[in-house]
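With chain A fixed as given, assemble chain B onto it according to the hints.
Those protein sequences? They're chains A and B, same order as listed.
Quick note: the first sequence uses my numbering, first residue 1, plus one each step.
Quick note: the second sequence uses my numbering, first residue 498, plus one each step.
Read the hints as simulated data drawn from the structure, not as lab findings.
Yeah, the Cβ is synthetic: ideal placement off N, Cα and C, and Gly gets one too.
Any given hint could be a false lead.
Over 10 Å on every C-beta distance to chain A, these chain B residues come out as not near it, computed from the model [said to hold, decoys possible]:
{"#": "1", "residue": "Thr764"}
{"#": "2", "residue": "Asn822"}
{"#": "3", "residue": "Lys851"}
{"#": "4", "residue": "Asp859"}
{"#": "5", "residue": "Asp893"}
{"#": "6", "residue": "Gln934"}
{"#": "7", "residue": "Glu944"}
{"#": "8", "residue": "Gln952"}
{"#": "9", "residue": "Glu963"}
{"#": "10", "residue": "Ser965"}
{"#": "11", "residue": "Ala973"}
{"#": "12", "residue": "Ser990"}
{"#": "13", "residue": "Gly1011"}
{"#": "14", "residue": "Glu1024"}
{"#": "15", "residue": "Arg1042"}
{"#": "16", "residue": "Pro1065"}
Which stretches of chain B does chain A cover? Using the computed rule of at least three CB atoms under 8 Å from a CB of chain A, they are [to be verified]:
{"#": "17", "stretch": "778–790"}
{"#": "18", "stretch": "808–819"}
{"#": "19", "stretch": "1073–1087"}
{"#": "20", "stretch": "1108–1122"}
{"#": "21", "stretch": "1138–1150"}
{"#": "22", "stretch": "1163–1169"}
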Amino acid sequence: MESRKMLSEAETNKSADQVASFDFDLFVIGGGSGGVRAARFSANFGAKVGICELPYHPISSDKHGGFGGTCVIRGCVPKKILVYGGTFGGDLEDARNFGWELSEKIDFNWKKLLQKKTDEISRLNGVYKRLLSSAGVKTFEGQGKITGPNEVEVTQIDGTKLSYTAKHILIATGSRAQFPNIPGQELGITSDEALSLEEIPKRVVVHGAGYIAVEFASIWRGMGSEVHLVYRKELPLRGFDDEMRAVVAKNLEGRGIVLHPSTNLAQLIKTEDGIKVITDHGEELMADTVLFATGRAPNSKRLNLEAVGVQVDKIGAIKVDEYSRTNVPSIWAIGDVTNRMNLTPVALMEGTYFANTVFGNRPSKPDYSNIPCAVFCNPPLSCVGLSEEQAIKQANGDVLVFTSSFNPMKNTISGRQEKTVMKLVVDAATDKVLGASMCGPDAPEIMQGIAIALKCGATKAQFDTTVGIHPSSAEEFVTMRSVTRRIPVGTTPKTNL
Amino acid sequence: MASIFASTTTPSITRAGLLPKRALGVSSSTVLGLPAMGKMGRVRCSMEEGKACSHESKSKMGMGMGASLMAAAMAASMSSPAMALVDERLSTEGTGLPFGLSNNLLGWILFAVFGLIWALYFVYTSDLEEDEESGLTQTSKKEEEGEGESVTKKMAVATSLTVTTPKKLSSLSSLSSPTLHSLFFSKALSFSPSSSSFLSLRKTLLLSPSHHTRTRRRSFTLSASANPHNYDFDLFTIGAGSGGVRASRFAANYGASVAICELPFSTISSDVTGGVGGTCVLRGCVPKKLLVYSSKYSHEFEESNGFGWKYESEPKHDWSTLIANKNAELQRLTGIYKNILKNSNVQLIEGRGKIVDPHTVDVDGKLYTARHILVSVGGRPFIPDIPGSEHAIDSDAALDLPSKPEKIAIVGGGYIALEFAGIFNGLKSDVHVFIRQKKVLRGFDEEIRDFVGEQMALRGIEFHTEESPQAVVKSADGSLSLKTNKGTVEGFSHIMFATGRKPNTKNIGLESVGVKIDKKGAIEVNEYSQSSVPSIWAVGDVTDRINLTPVALMEGVALAKTLFLNEPTKPEYSYVPSAVFSQPPIGQVGLTEEQAVEQYGDVDIFTSNFRPLKATLSGLPDRTFMKLIVCAKTNKVLGLHMCGEDSPEITQGFAVAIKAGLTKADFDATVGIHPTAAEEFVTMRTPTRKIRKTNPSEGRSESEVKAVAGT
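One chain only, chain A, in its complex shape (with noise of 0.2 Å):
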């Protein structure tokens, strides 16, 4: 209520004597998801509003970028498009048990799925654009600057600057993946030229195990590489329940793909062969493509933030706020600049919310909780609230655990060795379902209805109550019965592993 009050105090002090001097109510940097949402939120609230952003290419750098930003041009859409393709190649194997007689030589053709993904960005590309220019918002297409708290600066292609000025800024300019600081860095790639490699390379060594890196790894799996995952820990995708990360460890593997837990990158030398890629270990890998996915870091480098002094933390994530407000007042900040949670629809949560306090009246924080999200590893993650090692630390009471580990109808025929697994993780005390897990086909899918409940605070007897559809495998959420664990409040969970 008070920041409610004091914000619309800062409003209307402003707006009393310097509204009609601003060439725009806002402006914003960065044309990705959460600028474009809170460009559109903004004017469609009347709001008079101007974004720039970098020329598209698909491959990001100081000079380029494009309206859609990391989600659509380097991110979310290119790599599902791959994975769609990359998953082809398991289905293909599974189909002959079915009953189908594949010829011996099934040629893929990486060449046209690049260019039908590279058609499909560009396309979105320019639906963001009509999307915005029907908003009434006025697109600019250049660096953004900040010269003042309330001026900016667009640097155009051809180099002629723009400068205007807005009643707010909003810094939307996203993150950029990270090369780490060994030697022969230079012959790696980051996911940006993943998605736009010339051939498929036949070996690769992914260094990192975050959600790019397996995503990556299965992808170029299922198109027949040979691949290496090396990383740090002892399991992929820290952060992730760990009982998950075990699975999706497994089903890596069961896929062909070889694991190097607990292994750094020591060197890459450039050989005849390709690269020699030599780990902390002393082992030898060779590989045609090093791709390094151990990080993105915030793009804010360039925004010339000193001049009007915007804090940035150690990263340079833009330290923001509840309402996505940095410490200038007249300037925000939404998306993975600011490294709160980097999603596409958390960005999309942001920038309404911005729209919503700054141009709608309704001052509002946005909710980081019970938000549910997917890794498109083959098979893939889904997730929903707390894991088990989180829901341990964090209640009152004790923790119940419902797993289920089962072949999946489709593979008691294709005879494929992979175990779809779902956890449920409930406090016991007041049956709340505190989390949701779940690693196997269709699990992104599956995950956003039960993320819902959970946002909600469903018990597990609604779930119990609840009737399955049969026979898929969403039913297994509803139809847990019995407890696998009971974790008695005061156990410490084990470390990372």
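Relative to chain A, chain B alone:
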């Protein structure tokens, strides 16, 4: 919990279920306080004694236990307020009356505590119960139970001390009931603070089979012998499909002695063939879905072309490989089902069960008596009697054809017809669907009906609408033609009728004992699945309520609880989700738009019709349709419908949310999972249309609706 389990206070309780109606008749509406209850108990008991005498000669079993113990047990039932309460509760259930003794506070408190303890016990302990039916169809996850077992084993060791309790208590069960009850409650309550040991105790019992069996046997002997009737079984189930197996297993787990009979295995059902597992496993959900998986590949091959995959020669399908692999899987599943029954101590009798009297079943000439009889014989496809119908096949046969149909006519527009149309179309048969109406899937949301018809036609299925079959004609070359009111279509290798299913109620003795049957041949039951004959119950398709496997499972569990757990439980039929595995498939839960308008008047409709990401690459004309129906007044989501890839899997989670009564605002507050199709359901911001039936001044204003929708 072992206290409850082993003490089996149930002798009087289970017995109470015996003559509910008669008991009610005696006590009538005078049951108000404790004295009345005592009186009622006495009257009923004496009636049972009378019946017991007449029954004794028939019974093959001798009186198992001393008369003194029996008397004690009877005394218990008469003198215990709690027991009398339970008696009354059960005795009223057949009539659908509310519990009779709502003004007996003490009784209610006791009952509530009792129920709560049982509920806890139930939720936390069913560990090693094999998860049957539903799990099985996804293939016995029991194979994995090894892991879980080792965990529970560890716990069992830690709490082995408590294992002695059941013995102690079972020996105490001959005490008078009040003592027993106070003891039982104090024991149970003293357990609950440390509920982990409470839990593992039950696990311990289940873990070591020998010990478990002994304990149960002992307690059961007690209850059986305390029962003056000396039936062979507490429950005899006719029909080992989803509902029958579930009810039997649970009943056995609750301490009842149970037998189940089923016809010999065959992929085609008839009066003399069936098989453990029933329709779902052998002739329904499972084989159907396996064929759907197989047939979907042809679409996937097409899609894969768009993603850069190329085949030197067109993929060809070998029908016999598929059918052989499918049948091997069915054999495996029916075996697993038999094991499940065995492990639950349910006696499986192969043969045709027929009811002789309200407590006797004849299986191929051998008589078995039972306190309760459960009829769960399911349904069977029905082919209308038109000339040449003998040349037509039904879904049983379609799932097990010796060769793939070259050109098939499918008569009917229900879900079975559409699923088979998709299967055969995917396997490259020439498929013609004949429907009597203008649209497929009567009863489904109108927009879904339109959408799925269009999508299926785009994939190559030919629909003949408003055509009723009149005759099947077999020509000299062996090909079939279908004559309809509009003309004749020739050249079919197969003609399949998917024109409905009928309950299997013929020739199983129902008429002779007076079990009421409706016009369609379905057994009429009350909310507790009890037929017009109090000792005869029915679940699943034979009752023609909602004919779905998970519903039969629900009915089975509810019945077991009602009969053997002292927890009269009505199955809950609201917001039961369902799926059609057509291609593309459908998922739905809750009301259709038409139903919603009728029931609520003012509703907001949100729809989304989009080209999924996969289709933009594959270039195929696939689309996905989604629909939410929201009550304008309360913002509650009344119905959800989807047609498109993964619809059945997607719908399940939403069904939890809708069943829990969540609102559109709750949907909107949930963050999407990107990029999925499912996220569309949480990002529908603007209603496609608003339907207003009530006076505009009473309805919500436009802006209000927008505000809610656009959060």
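Okay, the hints, checked on the actual structure:
1. Against chain A, the non-interface label of B:Thr764 holds: every CB pair exceeds 10 Å, the least being about 16 Å.
2. Annotated as non-interface, B:Asn822 brings its C-beta within 10 Å of a C-beta of chain A; the closest such distance is 5 Å.
3. Every beta carbon of chain A lies more than 10 Å from that of B:Lys851, the smallest distance being close to 30 Å; the non-interface claim holds.
4. Look at B:Asp859: its CB is around 33 Å from the nearest CB on chain A, clear of 10 Å, so calling it non-interface holds up.
5. Every CB of chain A is more than 10 Å from the CB of B:Asp893 (nearest about 18 Å), matching its label as outside the interface.
6. At roughly 26 Å, the least C-beta separation between B:Gln934 and chain A is larger than 10 Å, which holds for a residue marked as non-interface.
7. No beta-carbon of chain A is positioned within 10 Å of the beta-carbon of B:Glu944; the least distance is around 20 Å.
8. At the 10 Å boundary, the C-beta of B:Gln952 stays outside the reach of chain A, the nearest C-beta of that chain being 18 Å off.
9. Listed as outside the interface, B:Glu963 is consistent with that label: its C-beta sits roughly 31 Å from the nearest C-beta of chain A, beyond the 10 Å cut-off.
10. Interface exclusion of B:Ser965 from chain A stands, the closest Cβ pair being 31 Å apart, more than 10 Å.
11. Non-interface status of B:Ala973 relative to chain A is upheld: no Cβ of that chain comes within 10 Å, the nearest being about 32 Å off.
12. At roughly 18 Å, the least C-beta separation between B:Ser990 and chain A is larger than 10 Å, which holds for a residue marked as non-interface.
13. For B:Gly1011, the shortest C-beta to C-beta distance to chain A comes to about 32 Å, beyond the 10 Å cut-off, and the non-interface label holds.
14. Taking the minimum C-beta to C-beta distance to chain A, about 16 Å, the non-interface status of B:Glu1024 holds against the 10 Å cut.
15. With a cut of 10 Å on Cβ distances, B:Arg1042 stays outside the contact zone with chain A, its closest approach being about 12 Å.
16. Look at B:Pro1065: its CB is around 16 Å from the nearest CB on chain A, clear of 10 Å, so calling it non-interface holds up.
17. Given as covered by chain A, the stretch 778–790 of chain B passes the check, having 5 residues with a CB less than 8 Å from a CB of that chain where 3 are the minimum.
18. Chain A is given as covering the stretch 808–819 of chain B, and this holds because 11 residues of the stretch bring a CB closer than 8 Å to a CB of that chain, at least three being needed.
19. Restraint check on the stretch 1073–1087 of chain B versus chain A: 5 residues with Cβ-Cβ distances below 8 Å, three needed, restraint holds.
20. Coverage of the stretch 1108–1122 of chain B by chain A holds. Counting CB-CB distances below 8 Å, 4 residues qualify, and the rule asks for three or more.
21. With 7 residues having a beta carbon nearer than 8 Å to a beta carbon of chain A, the stretch 1138–1150 of chain B meets the requirement of three or more and the stated coverage holds.
22. As drawn, the stretch 1163–1169 of chain B meets chain A at 6 residues by the rule of a beta-carbon pair under 8 Å; at three or more, the given contact holds.
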